[in-house]
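*Asks:* Required output: the full structure, derived from the provided sequences and hints.
Here the protein sequences line up with chains A and B, keeping their order. Residue numbers for the first sequence follow my numbering, beginning at 1 and rising by one. Residue numbers for the second sequence follow my numbering, beginning at 1001 and rising by one.
Be aware that a few hints might be false.
[To be verified] Residues from chain A that face chain B, not an exhaustive set, calculated with beta carbons under 8 Å:
#1 Gly62
#2 Ala248
#3 Leu308
#4 Val355
[Stated by the list, open to error] What follows is a set of in silico ranges between Cβ atoms, one per label pair, in the way DEER data are often shown:
#5 Ser105/A / Ala1012/B: 28 to 34 Å
#6 Glu225/A / Ala1012/B: 18 to 24 Å
#7 Val1065/B / Arg266/A: 44 to 50 Å
[Unchecked claim] SDA-like, lysine to any residue: derived pairs with alpha carbons at most 25 Å apart:
#8 Lys39/A / Glu1140/B
#9 Lys100/A / Asp1023/B
#10 Lys184/A / Arg164/A
#11 Lys100/A / Gly1027/B
#12 Lys65/A / Glu1009/B
#13 Lys100/A / Ala301/A
#14 Lys247/A / Val1025/B
#15 Lys65/A / Asp1047/B
#16 Lys39/A / Pro1143/B
#17 Lys39/A / Gly220/A
#18 Lys333/A / Arg1067/B
#19 Lys311/A / Lys39/A
It is worth saying that the hints were derived from the structure and are not from the lab. Note that the coordinates shown come from a computational prediction; the quantities given were computed from them, not determined experimentally. Every residue gets a Cβ at the ideal spot worked out from N, C-alpha and C, and that includes glycine.
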Amino acid sequence: MAAGPGSLTPPRFAASDPMSEVMELQMGPSHPASHGTIKFNLRLDGERIVDVDVEIGYLHRGFEKMCEQGTWNHVFPYADRLNYASPLLNNVGFALAVEKLAGISAPERCQYIRVIGGEISRVTDHLTCLGMASSELGAISAAFYMLEAREFLYDLVEALTGARLTVTYCRLGGVMKDLPADMKARTGVALRQVRRVLADCDRLLSRNRIFLDRMSGIGGLSSEEAISWGLTGPLLRACGVAYDVRKAHPYLVYDRMDFAVPTGTRGDCYDRFMVRMAEMEQSMRIIEQALAQIPDGPIMANDPRFVLPPKSEVYGSIEGLMNHFKLVIEGQKVPAGEVYVATEGGNGELGFYLVSDGSGRPYRVRVRPPSFYSMGAVGEMLRGCMLADIIPIFGQINMIGGECDH
Amino acid sequence: MTADALRTEVAAVLPQATLVPEDTVRGEVVVVVEREAAAQTLRTLRDHPTLAFDMLSDLTAVDYVEREPRFAVVYQLYSTRQNHRLRVKVPVPADDPSVPSAVSLWKSANWAERETWDMFGIRFVGHPDLRRILMYPEFEGHPLRKDYPLDRRQPLVPERDPITRPWSPRRTI
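*Replies:* Right, dumping it as structure tokens:
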């Protein structure tokens, strides 16, 4: 049993020189620094990434298949669960697409409510992204501050919809219920608190030497490459392309709002961070303007073909009961046709491509998830970077599993 | 460019494409292109100076199971310079579900075509790495086809050993 020197080394490794060999490493699918289930199949030369294959699909729940099984109204709860950091934005996007297909539009007050809810959700989305990304870089106190700020906004969402996350707030032609009576006062308090926290985070991070060293010059793409990869939202604007669906094709009442589209210059992780920070302030400005301008009026369109009757009619008249029954059992008969409606989601262009065959059920629901296309470009961003750069790059993508894997 | 101007321009640049009537697409600009002309049409749309569709927003398919041809591959194009949108639909028959790949035109087509292959079983000829993306390699069938039953069970997959079956960057199905 006497073993000579070196005989303990397994033969598989004996002949190879670890300094020159390309090492294969599988990172994920459950890694403490990846907030979402995702796997990176890496080929490493030392700590430098030679090649990477990104595996997604761990959170695939058959969203599009499920949508074909129910009525149009059944899709709203599923849409919440696409991007669960900003469920109201998905809700609004889907509602706008079906309304275009059905040829109806929501009343003015409802459009303002959707803008307010959507922008609150955009801030929570960015806070989630930046908070998690900075905690993964070691700045855990900044992360807790941002989560605290998010909590103030979740309280608003709860007051508005009755739920923090699974809101299911929009309906075809309107929203579920009106703003709470004290919404303006509550929002004023919440936004003041959020601004105070964000100023703290800005002081903690934006000129922090360690943070800058990890973020700047990392993961950059040129604007042509970013467009070719289909990047949208903060990632594209960080490259200097001022494409924002709210400005390019204004929907709801965004054309009446005064807001800027922040852009970066270099398209690296630091620019993405700064663009998101600036966007939160713009979103809060939109919320304030919308609350100041909002008119009185109904919150549901008056169209018995698509809109459920009020409960007083359902329980008080046979016509109302029959209308309710037909809409719930058979679904809304959206006329045959197809539309593609893009809205500005938390991570970029959130598109819904809907095909209707005229029955009460969707024939095809396709969601264009912004983070799916961002993740497609991650391989390109990572090539040539160091192993540790995966964390800031992936953090700034803000991959949301529910949306990316639908 | 406005929708009307875009419609005129597309009809002039692409004589082989058919415009879909406005009312079925609610005023959007949609063209149908035959599969043989698809590759050339998409290249023209990207490179034409006034159309300039530099972004492929989305690529997917629709299974019109009772119609002939059965599938349609759908390209959502967007121009960041001209700020207009166009949808291109390419009919694909069931007996030969394949279209030319658009990866050489737009990089975003890479994952989108993998997803469409995964979900619909439509092959993209010339794709550098056509394999499943949302489902696992051993998955049988293509779930978004209308004839894939909702409650179908999949066979159990034995555990993969990373030493005997290592990851390879170009694993094909």
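*Asks:* Now, for every hint given, state plainly whether the structure supports it.
*Replies:* Status of the hints after comparison with the structure:
Restraint check, Gly62/A versus chain B: the minimum CB separation of about 7 Å is within 8 Å; hint holds. A cut of 8 Å between beta carbons decides the hint on Ala248/A: the least distance to chain B is about 5 Å, and the hint holds. Taking 8 Å as the C-beta contact cut-off toward chain B, the hint placing Leu308/A at the interface is violated, the least distance being around 23 Å. The beta carbon of Val355/A comes within 6 Å of a beta carbon in chain B, closer than 8 Å, and the hint placing it at the interface holds.
The hinted range of 28 to 34 Å is satisfied by Ser105/A and Ala1012/B, whose Cβ atoms lie roughly 33 Å apart. Look at Glu225/A against Ala1012/B: about 31 Å separates their beta carbons, and that is not inside 18 to 24 Å. Separated by about 48 Å at the C-beta atoms, Val1065/B and Arg266/A satisfy the suggested range of 44 to 50 Å. Proximity of Lys39/A to Glu1140/B is assessed by CA-CA distance (about 22 Å); at most 25 Å being required, the pair is judged to hold.
Note on Lys100/A and Asp1023/B: the hinted pairing holds, with a Cα-Cα distance of about 11 Å set against a maximum of 25 Å. For the proposed pair Lys184/A and Arg164/A, the alpha carbon gap of about 19 Å is at most 25 Å, so the pair holds. For the proposed pair Lys100/A and Gly1027/B, the alpha carbon gap of about 10 Å is at most 25 Å, so the pair holds. Between the alpha carbons of Lys65/A and Glu1009/B the distance comes to roughly 36 Å, so the proposed pair goes past 25 Å and is violated.
Of the supplied pair hints, the one linking Lys100/A and Ala301/A holds, its CA atoms being roughly 13 Å apart against a limit of 25 Å. About 23 Å separates the Cα atoms of Lys247/A and Val1025/B, which keeps this hinted pair within 25 Å; it holds. Among the hinted pairs, Lys65/A with Asp1047/B is inconsistent with the structure: their alpha-carbon atoms are about 35 Å apart, more than 25 Å. With a C-alpha separation of about 23 Å, the suggested pair Lys39/A and Pro1143/B falls inside the 25 Å cut-off, and the hint holds.
For the hint linking Lys39/A to Gly220/A, the alpha-carbon distance of about 21 Å falls within 25 Å, and the restraint holds. Between Lys333/A and Arg1067/B the alpha-carbon distance is near 21 Å, which keeps this suggested pair within the 25 Å criterion. At most 25 Å may separate the alpha-carbon atoms for a hinted pair to count; Lys311/A and Lys39/A exceed this at roughly 49 Å.
In summary, the numbered hints that this structure violates are 3, 6, 12, 15 and 19.
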